[in-house]
Every structure is written in C-alpha cells, then in structure tokens.
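Asker: Read off the chains here:
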Amino acid sequence: MSGILVVAEHRNKSLADIVHQMLSKGRQLADQAQVELLAVVIGRDIDASAAELARWADRVIAVKNDRLEEPLAGPYQKALSPLIRERKPKIVLMGHSSFAMDMAPSLSVELEAPLATDCVDISLQNGDVLVTRSIYNGKVNAIHSFAQSETVIITGRVGEFPVEDCHRQGQVEEIEFASEEGFNYKKFEGYLEEEAGGVDITQAEVLVSVGRGIKEKKNIQMAEELAEVLSGVVSCSRPVVDYGWLPSERQVGLSGKTVKPKLYLGLGISGAFQHVVGMKGAKMTVAINKDAKAPIFSVANYGIVGDILQVVPELISKISELKGKTG
Amino acid sequence: MAVIDYKYKDVIHRCFRCGYCKFPNNWIDVNNCPAYARFRMETYSCGGRLWLVRAWVNGEIDWSEHFAQIVYSCTACKNCEQQCPLRFNVDIVNMIVAAKSEMVERGEIPPSAKEFLENVQRQGNPYGNSREKRGEWMEGTGIEAYQGQEFLYYVGCVGSYDTRGQKTARVLGKVLQKAGVSFGVLGNDENCDGNEVRSLGEETLFEMLAEENVAQFQSLGVQKIVTLSPHSYNAMKNDYPGFNGGFDVAHYTQLLQSLISDGRLDVSGGVNATVTYHDPCFLGRWNEEYEAPRNVLKSIPGIQLIEMERNRDGALCCGGGGGNFYIDLLGGSEDSPARRRVREAHETGADVLAVACPNCLTMLEDAVKAEELEDKLTVKDVAEIVGEACGIK
Amino acid sequence: MDIVACIKRVPDTSEVDVIKIDASQKDIEKDRLVFKINDWDEYVLEEAVQLREKLGGTLTAVTVGHNDWDDVLRRALAMGADTGIRIDQDVSAEDTHVVAKILKTVIQQIPHDLVLFGAQSEDFGSGQLGAMVAEMLDIPHATLVVGLEAEEKRVRVNRELEAGTLESYTIELPALLTIHTGINQPRYISLGGIKRAMKKELQVMSLSDLQLSPDALNPMVRLEKLELPPKGEGAELITGAPGEAAEQLTKILKDTGIF
Chain A
1230 MSGILVVAEH RNKSLADIVH QMLSKGRQLA DQAQVELLAV VIGRDIDASA
1280 AELARWADRV IAVKNDRLEE PLAGPYQKAL SPLIRERKPK IVLMGHSSFA
1330 MDMAPSLSVE LEAPLATDCV DISLQNGDVL VTRSIYNGKV NAIHSFAQSE
1380 TVIITGRVGE FPVEDCHRQG QVEEIEFASE EGFNYKKFEG YLEEEAGGVD
1430 ITQAEVLVSV GRGIKEKKNI QMAEELAEVL SGVVSCSRPV VDYGWLPSER
1480 QVGLSGKTVK PKLYLGLGIS GAFQHVVGMK GAKMTVAINK DAKAPIFSVA
1530 NYGIVGDILQ VVPELISKIS ELKGKTG
Chain B
12 MAVIDYKYKD VIHRCFRCGY CKFPNNWIDV NNCPAYARFR METYSCGGRL
62 WLVRAWVNGE IDWSEHFAQI VYSCTACKNC EQQCPLRFNV DIVNMIVAAK
112 SEMVERGEIP PSAKEFLENV QRQGNPYGNS REKRGEWMEG TGIEAYQGQE
162 FLYYVGCVGS YDTRGQKTAR VLGKVLQKAG VSFGVLGNDE NCDGNEVRSL
212 GEETLFEMLA EENVAQFQSL GVQKIVTLSP HSYNAMKNDY PGFNGGFDVA
262 HYTQLLQSLI SDGRLDVSGG VNATVTYHDP CFLGRWNEEY EAPRNVLKSI
312 PGIQLIEMER NRDGALCCGG GGGNFYIDLL GGSEDSPARR RVREAHETGA
362 DVLAVACPNC LTMLEDAVKA EELEDKLTVK DVAEIVGEAC GIK
Chain C
8 MDIVACIKRV PDTSEVDVIK IDASQKDIEK DRLVFKINDW DEYVLEEAVQ
58 LREKLGGTLT AVTVGHNDWD DVLRRALAMG ADTGIRIDQD VSAEDTHVVA
108 KILKTVIQQI PHDLVLFGAQ SEDFGSGQLG AMVAEMLDIP HATLVVGLEA
158 EEKRVRVNRE LEAGTLESYT IELPALLTIH TGINQPRYIS LGGIKRAMKK
208 ELQVMSLSDL QLSPDALNPM VRLEKLELPP KGEGAELITG APGEAAEQLT
258 KILKDTGIF
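Protein chains in written order, with my numbering: chain A, 1230 to 1556; chain B, 12 to 404; chain C, 8 to 266.
Since the hints were made in silico from the structure, they are not lab data.
Hints should not be assumed to be uniformly reliable.
Below, a list of computed lysine-lysine pairs in the DSSO-like style, where the Cα atoms sit at most 27 Å apart [unchecked claim]: (1) A:Lys1491 - C:Lys43; (2) A:Lys1552 - C:Lys37; (3) C:Lys37 - B:Lys144; (4) A:Lys1489 - A:Lys1368.
Computed from a predicted structure; not experimentally measured.
Make the full structure from the sequences, and use the hints.
Answerer: Have a look at this one:
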C-alpha cells in the first residue's frame, strides 16, 4: 500500500484543530501499514504550520502562494489534484469540516477517487480500507469498503480520533502552485462574523440552558459566563420565561423552540416532558441538578447531582484554564 | 391583496365594537376573554380580531407574523359567542377559525402552529412523539385493547404523551376497572381526535382525521365512547356525526356520575379537601355540561365544594385551547389567563383546584408553580380525586 | 431564473428508540417508520419558491426513488413548483457517486440557472451529493449556504464555517448551491394544498429513458454491513466534590471536541 496523505486545513496562520486529530489517526494507520505519512499544507504564511506537521508526518509538502492565503475549495482543489495524481497516496485524509464539505466531493469526482465522509472510524484489514459511519440519527453504524482504486478520500468526524502527540522530524518540501486561474466564477468576498443580538438558539452549537433550579435571575449571569467559554448561547425552560428572566426567544421545549445542538448543558432543569421534547435531538446532553431523581438524568449522557451554584463556577474556571493552555 | 374566498366576508363587518365579548356572564370585569386578559389590547378581544381580520380580508392590511399571532391567540373558549348580543354571535368563533384556515392555505401561520400540525400529520400527535409510544401510559395497569367491549376509552394525545396527563389517564382507567366497566383502549393505534387541528384552521387535516377515526371505530364495532378529554368529547359528539360517525359519546365525568349514583363505584373512602372546580371550555360553554363533574365531587364524603366567582358559563378559560397548550401564545406573564385563574382559585380558600381536562391540568399546574402557590394549592383532575376516594394509588 | 431543486424522502428516525437491522444486515426494518421530506430539503424548497416569487422563471423539483417518493414532489408542487420529475429507481442503497451520475444526467437535459440541494440528508448525512453533481456538471458550487441573494446572472452567498463565521462569495450562474438549515422559515404546507397538488402531473422517467444502464452505475463505496452502536445507559453520573466533578466534566467536553 502506498502512503497516507493528510490535508491540513490552514486558516489565520494556524492549523485547524481537527488537523491534529487526523494526523494522529493517519500516523497510527501509517505505522500499522508500514507506509509513509505525508501531510500537505497550502497557504501563504505556512512555515510554522509546516514545521508543526513535521512532528507527525514523515514528509510535509508545503504549497506556498500568496493567492492561497484563505482555505477556499476552488484553489485548494486545483493545488491538490495534481499533487495527489503525482504522489498516488492510498488514503487522502482530512477533517470533516465546512471546508472539507465544500472541497472533498468535487475533488473525489475530479480524481475519480471514492469518498467517505464524516467517518467515526477508519481501519485497515488485509490491505483493505474500511470506514464506519454513524447514520440514522446516530442509531446505526454503517461499515463501508471501497471499490478497487488507487486512492480513496476519507473525512473524519471531529472528536472521534484522539490526539496523540508526536515528536518526529519529517522533511518539509516546498512546491510551487502552478495555476494562473482567477477563479472569477466563484469569487471570494471575505469573511463575516456573526451579528450580536437577536439570538436564534436553534442555530447554536452549544446551549447552556437554565431552568427553575437557577433560583434567581441574577444567577443567569453565571450561565452566560459558562456559555461564553463554550462559545455557546444561553437558553432556558418555560418557567424562566414565565418569571420574565429571559425573553421567550430563549425558550426550549414544547411551547418554545426545538433545538439540536452539539451540546445541551442543562442547569437546574428537571427534564419535564414538555421541555425534553424540545431538546432530545441534542448530540450530547449534560445535566446538573440537585435532584438525583430528576427525569433529565434519564435523557442526559452525563450528569452531576449537585448544587449548580457550586459546580458551575468551578466548571467555568476549569474550562477557561484548559482553553488557555491549548490556545 | 384581498382574500377573495373568505367565508364570512359578507357578515364580518357587523361587529359594532360594543365590547361585550370581553365580559363574563356576571359582568364583574372585562377580563373574561383570555387573550384580552393577557395582552390588554382591543385587538386581542373577539371584536378587535374581527375588525383586524376584516381589514386583512379587504386588502387594507397585509399579513404579518404579528397579525398571525393575534389571530392564533384565540383559544376558542366561546366566552365571546355567549356574551355577544348580536344574532351573528353563533358564528364569531368560526370567523376566527376561518381566518386561520385562510392563513393555513397560504402556509402563513406561527412557527409553533406549523410544528403542531406537521407533528399531527406525521405521528398523530402534536408533540411529534413516535406513534409506537402512544400506548406506553398503560404499562402495568392491565388495561386491555379494545376488542368489542361496551366502551371505547379514548385517551387522546395529551393523556397519552404528557407525563402529567398520563397519570390521569392511568387513574381513570383504574377507576373504570374498579367499577367493573367493560372497556378497552386503542393504544398505539389511537390517532389524534382532530379537535385542536380544526380550531387551528387546518380543516382538510381535520377531515382526514375524522374520516380515519370513524372508519377505525366502525371497523372495530365501537358504539359507546368515553373520553378523557372534553376536546375529544366535543369532536366525537358534535363533528364526527357529519362523517357518518354516530357514536354514543360521553365525557368521563358523565359516566362517573352515573356509576356513582348507580352504586357501581364506591367513593365512600372519601377525600378531605376544600375543592374549587374549574369548568373546561369544551365541556362547559361548548357542550353545556356543568353539573356532572360537580355531582361527582359532591358525592365524595369529606369534599367541600366552593365556587369561584366566575363559574359555569362564566368560567375564565385556562388559555390552553386553540392549540395554545402547545403553541403557548398566551403565556409568559402574570396576566396569563392560567395564572389569573389560579389566583382566583386561591382566593376561594380552596386547597384543591379540580379540573376535568388534561389541557387545563397542565396549564393550571404550570401556573401554580409560576405563582409559587405549590404549598397552598394543588391541581387535580376529577378522576384523580375519585381515584383517591376509591383507594386507588 | 430556471431553478432545479433536488429533494429526497427519508425515514423519521429521530423519535425511534431502537432501530432494527434487517436479516440482510444491509438495511433497517422500515415498516413501522414514518417517512417525510429531508429536513434540509424543506429549506431548499422554501428558498427556491421565494426566489421564483421574486425573479420569475421556472421551478422543477427532482427526486430519485420508487413511487412512494412522489410524496416529496407533491409537497414541492403544493409550494408552487411547476414540474416534478421522479427517476424511478430505488437508490437508497446506492453510493452517492451513483446517485450523482443519475441526477447529473437529468439536470443536463433541463434548463438550469440555479441548482439547489440540501446540504446533507437526515438518514445518511454524507453531505457529498450536491458538490459531486456540480463537479460533474462543470459548474461552480458552494455548500452550507445560509444566506443567498440572487440576481439574474449571479448569486451572492454566505457559507457557514465553524464558530459563527461566514464566508462570502459571488458566483456566476449557472451554479449549484447546497442549502443549510436556518436560511429561511419553511412555510406550512396544508393538507388541502397537497391534495390539490395530487392533481398536477408528475414526470416519471426510468434509467433507460436517460440512456443509463444499471451496469454503468458502479458504486465506488460499498456497504459491508450495518450494526447497532454499543449501548449507552442513561446519564453517566460524574461524582465527587464540585471541583472534582467540574474537572472531570471539563475533560469530557474537551475530548468530545466541544471546545
């Protein structure tokens, strides 16, 4: 089997978080198959990132070009496809991010290479590559293999592949980006940051949700702080709106909104039926409640039976601390 | 753009804004229209809504989300129909529903109403919970599937899925068992009765539900139906005959009344409580049944029945009708009808607020919590009180 | 503007506690499942209808499936689509590349300034189909579109990235976009509207009508089998004093990529 190539998503002069996860998995597969792990980074100021990739990869290919500063699907595809045709890696690996969703499928068609996206596991068995995908709302796993092909493309789900630190010293190779194409048919106009105010909780990836157990309006402040360190938004159950502590746009539940965030953190929420109906689609639910019998604990993935007023400040400081370390 | 096909376009202008629609039958204040009590703006009273709808129908105003919210805040409680002095009063609630129908056809309804209707279409209940879980409330009760018994016990969506409603459904089932009534339920095969669907303006969906339910009941040989909810009672008694459904329909309080007076149900165990009874709109004003629930309560030794100032046809709606137990357009304020009603109940000095409808039950129980009266006032369904008197847990 | 909206029908599995895998181990038992239009496709149709209301032109809805799939086309017609086309072929077990080839062949034959897909589907969620079709049609694409402004010859789109940031593009037509949830508020489709749409005609085509032989559609990714994931059991309770519990929870959140 020939090598494994990790495509490193690069933005704002640094590697996207998911890259380290894919590098770790790539390293593990490369060691298992006894082949080379390559990594490719594309952009303008990529020296530091190339060096970082070299800690995992045997060889790093750095494609430097001013016009490639932003990770945009069109130009990246133009840079990657000749590289892949030339190096013929068996597996092209990248994180399943917004960038990958824009680029991987069209790359797959251009190269006529099979593509499996958002995989939760990748394995090698008797020289075959197998992947596992989570389907039907996470209730079924599908195991896939690939038709005979020189190269397969796999994107991996964030959070599924633990980061294993590595201290190699791979070789960094700089190559030119040849294309003169202007990409005017799909012209990048810039980035937009989200507007403040007028909160739509249905679009949030993390919700810190407060219920009656929050006891007083002023304690919502604590929930806001927790939401902030998690890049999330505060939502609530109906009683909190009834009390006038939060506007009804924040309400989750039967008479509020239905949400499907990555994380639903319920603080002092009992998990009454009318509320659960609005959040049971959450990917992960954590509940903190004083009542061990609260129904929320049967729908949550993790629970802490305790006093929110004591646990939450600790949570905020521990998370901030850990975030500060990894920056 | 004018709404050319609006059913009542020739009569809607006849409201001359007398304002009677907001008064209860004893004229004590203007807060008996639940939406008006909540928002205190004329637009939210029946008369105000009719004028607004008229302006929309004539193309003077455009549809907006606010307009939809105003129209959908009508709980169809019929206080206005009762108080309106004009001859067209029999149609005024229908006029609001017809306006909702026009909006439904355009797809322009409040998002929560959309969810409600889509969930009913898909899973047969407004919560969107799986049909396969509809019968879960029965577990451990020994209640049997309907296979030709004397009564079909029709539970309804709130009784089947709402955890508080499920308790009531179970207790009532056990009470009927204790009285030796021959009955069965539909379990997972039960489908929404359609009453709220109709009041939300989705007439075609209501027709489909009514037709399907009538066909199902007929194929099973159903003749007598006893319902948990007054909403189901209303649809099956008054609307299903129009779909060839000529069943003998009773609300459970009516059945319990006769079981007790016939000596088939022994409530001599008694319950010591001061109780005030809240008339559900769909049993009370819609179907003029005020006495059966009271007779049931009065036959239980130890119960002292006190009336609220607004009672019988003057009762203040809990705010749960017109789909509002789900879409909740009247919540979020101490002026919400449910909270007003709870305060009124508390003022009587009663320690139990008795209801006979699972929608009223959830609305008023939430209101008791919001009013922080949990230690002073307990909301119980009449079935639960009867259960206590029979020694059922 | 001539718009083509590609939509699909999926089983509603969000409400089901346990899904049963059938005897072949390659499909799930579907007889007690309720079917509906793919969530993302509701936003596609709403966006398409709004564009048509603003700019005029035609709206064609396309799907690939057996005749139960007419449901989703009826919905599109009830919302105002002019035509519905169904390719009569069960592709629920096929890989995306195969479905993409079929759709590319259909779309090529009809006027298309703007082709819309949902960003992904609720059942398999691979998020590949739209971008693959775009590449096959050799037109520019953008995925995960949460904002769209259309003019006659071009569109301005915002794509969703992580952490609340958006990427903005101007794309020349013809182009393909995959639409993400939240871009609009899909309207309610009344049962009456769907019944009236039953009277409109649907075009049904077979693979041979498209001159595609089943052999030509070779899957690139094969399904080996389906399995149930290992079972979880209610909440895993994290014990200890507030500080300790908070620390453990923090680690869990970090490991699962929440932050």
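Asker: Each hint should be assessed against the structure and marked as holding or not.
Answerer: Outcome of the hint check:
1. A:Lys1491 - C:Lys43: holds (23 Å)
2. A:Lys1552 - C:Lys37: violated (44 Å)
3. C:Lys37 - B:Lys144: holds (16 Å)
4. A:Lys1489 - A:Lys1368: holds (15 Å)
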